[in-house]
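Student: Generate coordinates for the entire structure from the input sequences, incorporating the hints supplied.
Line by line, the protein sequences are chains X and R.
The numbering of the first sequence is the working numbering, which starts it at 164 and goes up by one.
The numbering of the second sequence is the working numbering, which starts it at 62 and goes up by one.
Derived from the structure by calculation, the hints contain no laboratory data.
Please note: incorrect hints may appear among the correct ones.
[Claimed, not checked] What follows is a list of derived Cβ distance ranges for each label pair: (1) Leu69/R with Phe779/X: 19 to 25 Å; (2) Lys161/R with Ile760/X: 14 to 20 Å; (3) Thr755/X with Lys119/R: 26 to 32 Å; (4) Phe779/X with Asn87/R: 38 to 44 Å; (5) Lys161/R with Leu708/X: 54 to 60 Å.
Note that the structure is a prediction, hence the values are computed from the model and not measured.
The beta-carbon is built from N, C-alpha and C at its ideal position, and this holds for glycine as well.
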Amino acid sequence: MTNFLLETVWLVPCYALIGGLLALPWSPGIIKRTGPRPAGYINLVLTFLAFVHSACVLPITWNHLPHEISIPWLNIAGLNLSIDLEISSLSVGAMVVITGLNLLAQIFAIGYMEMDWGWARFYSLLGLFEAGLCSLTLCNSLFFSYVVLEVLTLGTYLLVGLWFSQPLVVTGARDAFLTKRVGDLFLLMGVLALWSQAGTWNYTDLAEWATTANVNPTLITLTCLALIAGPMGKCAQFPLHLWLDEAMEGPVPSTILRNSVVVASGAWVLIKLQPVFSLSPMASSAMVAIGVVTAVGGSLIAIAQIDIKRCLSYSVSAYMGLVFIAVGTQQDEAALLLVLTHALGSALLVMSTGAIVWNSITQDVSLLGGLWSRRPVSGIAYIVGTLGLIGVPPLGGFWALLQLASGLWTTQPWLVGVIIVVNALTAFSLTREFSLIFGGQSKQMSDRSPEVSWQMALPMMILLGFTLHLPLVLQSLSLLPTWATVNKDVALLLIWSSIFGCSISSVIYLGNVIPKPIRFPSKPIQNLLAYDFYTPKLYKMSIVLGVDMISKLTDMIDRFIIDGIVNLVGLVSILSGESLKYSTSGRTQFYTFTLLIGVSVLGMLVTWQYWGDNLFNLIF
Amino acid sequence: MQLQYFLLLAAALFCIGIYGVITSRNAVRVLMSIELLLNAVNLNLMAFSNYLDSTAIKGQVFTVFVITVAAAEAAVGLAIVLAIYRNRDTVDMEQFNLLKW
Numbered sequence: 164m165t166n167f168l169l170e171t172v173w174l175v176p177c178y179a180l181i182g183g184l185l186a187l188p189w190s191p192g193i194i195k196r197t198g199p200r201p202a203g204y205i206n207l208v209l210t211f212l213a214f215v216h217s218a219c220v221l222p223i224t225w226n227h228l229p230h231e232i233s234i235p236w237l238n239i240a241g242l243n244l245s246i247d248l249e250i251s252s253l254s255v256g257a258m259v260v261i262t263g264l265n266l267l268a269q270i271f272a273i274g275y276m277e278m279d280w281g282w283a284r285f286y287s288l289l290g291l292f293e294a295g296l297c298s299l300t301l302c303n304s305l306f307f308s309y310v311v312l313e314v315l316t317l318g319t320y321l322l323v324g325l326w327f328s329q330p331l332v333v334t335g336a337r338d339a340f341l342t343k344r345v346g347d348l349f350l351l352m353g354v355l356a357l358w359s360q361a362g363t364w365n366y367t368d369l370a371e372w373a374t375t376a377n378v379n380p381t382l383i384t385l386t387c388l389a390l391i392a393g394p395m396g397k398c399a400q401f402p403l404h405l406w407l408d409e410a411m412e413g414p415v416p417s418t419i420l421r422n423s424v425v426v427a428s429g430a431w432v433l434i435k436l437q438p439v440f441s442l443s444p445m446a447s448s449a450m451v452a453i454g455v456v457t458a459v460g461g462s463l464i465a466i467a468q469i470d471i472k473r474c475l476s477y478s479v480s481a482y483m484g485l486v487f488i489a490v491g492t493q494q495d496e497a498a499l500l501l502v503l504t505h506a507l508g509s510a511l512l513v514m515s516t517g518a519i520v521w522n523s524i525t526q527d528v529s530l531l532g533g534l535w536s537r538r539p540v541s542g543i544a545y546i547v548g549t550l551g552l553i554g555v556p557p558l559g560g561f562w563a564l565l566q567l568a569s570g571l572w573t574t575q576p577w578l579v580g581v582i583i584v585v586n587a588l589t590a591f592s593l594t595r596e597f598s599l600i601f602g603g604q605s606k607q608m609s610d611r612s613p614e615v616s617w618q619m620a621l622p623m624m625i626l627l628g629f630t631l632h633l634p635l636v637l638q639s640l641s642l643l644p645t646w647a648t649v650n651k652d653v654a655l656l657l658i659w660s661s662i663f664g665c666s667i668s669s670v671i672y673l674g675n676v677i678p679k680p681i682r683f684p685s686k687p688i689q690n691l692l693a694y695d696f697y698t699p700k701l702y703k704m705s706i707v708l709g710v711d712m713i714s715k716l717t718d719m720i721d722r723f724i725i726d727g728i729v730n731l732v733g734l735v736s737i738l739s740g741e742s743l744k745y746s747t748s749g750r751t752q753f754y755t756f757t758l759l760i761g762v763s764v765l766g767m768l769v770t771w772q773y774w775g776d777n778l779f780n781l782i783f
Numbered sequence: 062m063q064l065q066y067f068l069l070l071a072a073a074l075f076c077i078g079i080y081g082v083i084t085s086r087n088a089v090r091v092l093m094s095i096e097l098l099l100n101a102v103n104l105n106l107m108a109f110s111n112y113l114d115s116t117a118i119k120g121q122v123f124t125v126f127v128i129t130v131a132a133a134e135a136a137v138g139l140a141i142v143l144a145i146y147r148n149r150d151t152v153d154m155e156q157f158n159l160l161k162w
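Tutor: Structure (structure tokens):
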């Protein structure tokens, strides 16, 4: 039985895919009479099945060597593409997280999408995402990781564009697709360049190759930079981060999935490729630089937002930046732990804010307030999500940040400073959002705000429990360091930065000393952060402008020069016909004249040999 | 006397005829110029017949035929001119440019 479960764990992505396909008949155009709800229930059952299956397999794989499966896919002209699957405790554990979070998000969606008819499309796309993410974790081949990433990019486009009658959704989905696509295309360049150097796309073989590889440093640096660009777009890192902000136009339950798991898909590939990145110090430092800029920038921007969902999306970018730092400094385990704790914390935060939005309609935090006494469940969920994300000792985020920071303590102390600053800033922004939503005076929009129904409260509470139990689980798996081996300086710094951020924020936003809405001493800086460093304008002025100009230019060249040359031929023949017809003058004497000319010219040509030379000699 | 002189005279006459055919505005004068052309040809035929074929004199036979045909052609030509004149009340060649492009 156990062996059977282990052997068939590759079915987990299939469950979700089948669920996605089975949801489609309940599209409003096909089953017209009974409503879309069964689509959600079917998906829920299949996701539950996937979760149980992967959760049963997890103990089997624990402390065992990875079990590898290779399924041939295409064998042509020396290129042998096989779908390599790796069933390790890591990949199965990731599947448990993915299916578990998807299960909770789907239960949440049953409540949240109550008054929506588009369940078939929504749930089939959630199923597609779950299938994609699970196959990404199982997949042990860079090539098929790329395939799955591209499928997920398409899925993002469709899922963000769920309510396509809203104009902002359409532009958001467009940006999400194109931005991620650009990163993916760079990744494809890197993937292809890696084949010619390593001759394999299997992660295990790549790691082996990287230990003894002797490669051109420039070449491997360029390859690594291209490989970074893919996850850079996926993880919403600077400067490819605008899409995550605009993707907040999508429905909240999908946001749960995206904020916690989908953005981590890029990080997963990055972690898997870490041995290759270690070949190029420059790529590693570029990764660290991207991570630092995103982490600091993202957490600063998050502070200046007024949209409840966008506050959180920039924190996601910031945490993914920390993952970039971790991978750039060769700390895979810290990166994985960070992804795990961030997934739980972030999902809980999005669920809590989603529950607030569902009943309070507005997403503007400046219009909310005073919900704590009436919405304790959502409030507690928010607090636990916050504590799970930032560095507060018993909860998960602390251990991940601690592991990352203590790894850098001796080698790159300035990065520890960055982590502490990001932690403090995230603590500040999350507390600010909490204070604005749950604290202070009740405002018009939040005057009558009942707690949500059980379909939304239940997954929130379950996830809250998971977040609280995460340290215990990690300890029982002996993934946490004992207190004796902990770098206590780092731990104290982290704790102090969290306390610092939270307390300053709550003094500012809960106290009555500073008038609300808060004005920063320098208005331009406040606007700069609130408008996300004017990134849309930057895109519009640089890439979009360039591509737009070039495409207009090529369009004009095609329209006027290429078409013009061909049309000119036709025009010339028409004109020549139109003008040559005047040779038929209608005068008989003119015809006689042309006849005479023709005869004499022909006669001259025929008889030229008898007198032409003499004529020449006579003249010259 | 040489053959060339006859030929040159005939060529000159032919050219005069051509000039008349192309430049005349009167249709009757065009017919007259055509007669000049035919007579230039007749001169050629007679000269060749005399200098190159004095025994069989086929050229003279040709000439007789050409004169006959020319007479018939002139008659038909004048009939055509008359037919046009009846309709259009003029024999000016410049007025006969109806069948153009």
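Student: Compare the structure with each hint and give your call.
Tutor: Evaluation of the provided hints:
Between Leu69/R and Phe779/X the C-beta distance comes to about 24 Å, which sits within the given range of 19 to 25 Å. Evaluation of the 14 to 20 Å hint for Lys161/R and Ile760/X yields a pass: the beta carbon distance comes to about 19 Å. A hinted range of 26 to 32 Å holds for the C-beta pair Thr755/X and Lys119/R, which are about 29 Å apart. At about 42 Å, the beta-carbon gap between Phe779/X and Asn87/R stays in the expected band of 38 to 44 Å.
Here the CB-CB span from Lys161/R to Leu708/X is close to 59 Å, well matched to the stated 54 to 60 Å.
Going down the numbered hints, you'll see the structure goes against none, and every one checks out.
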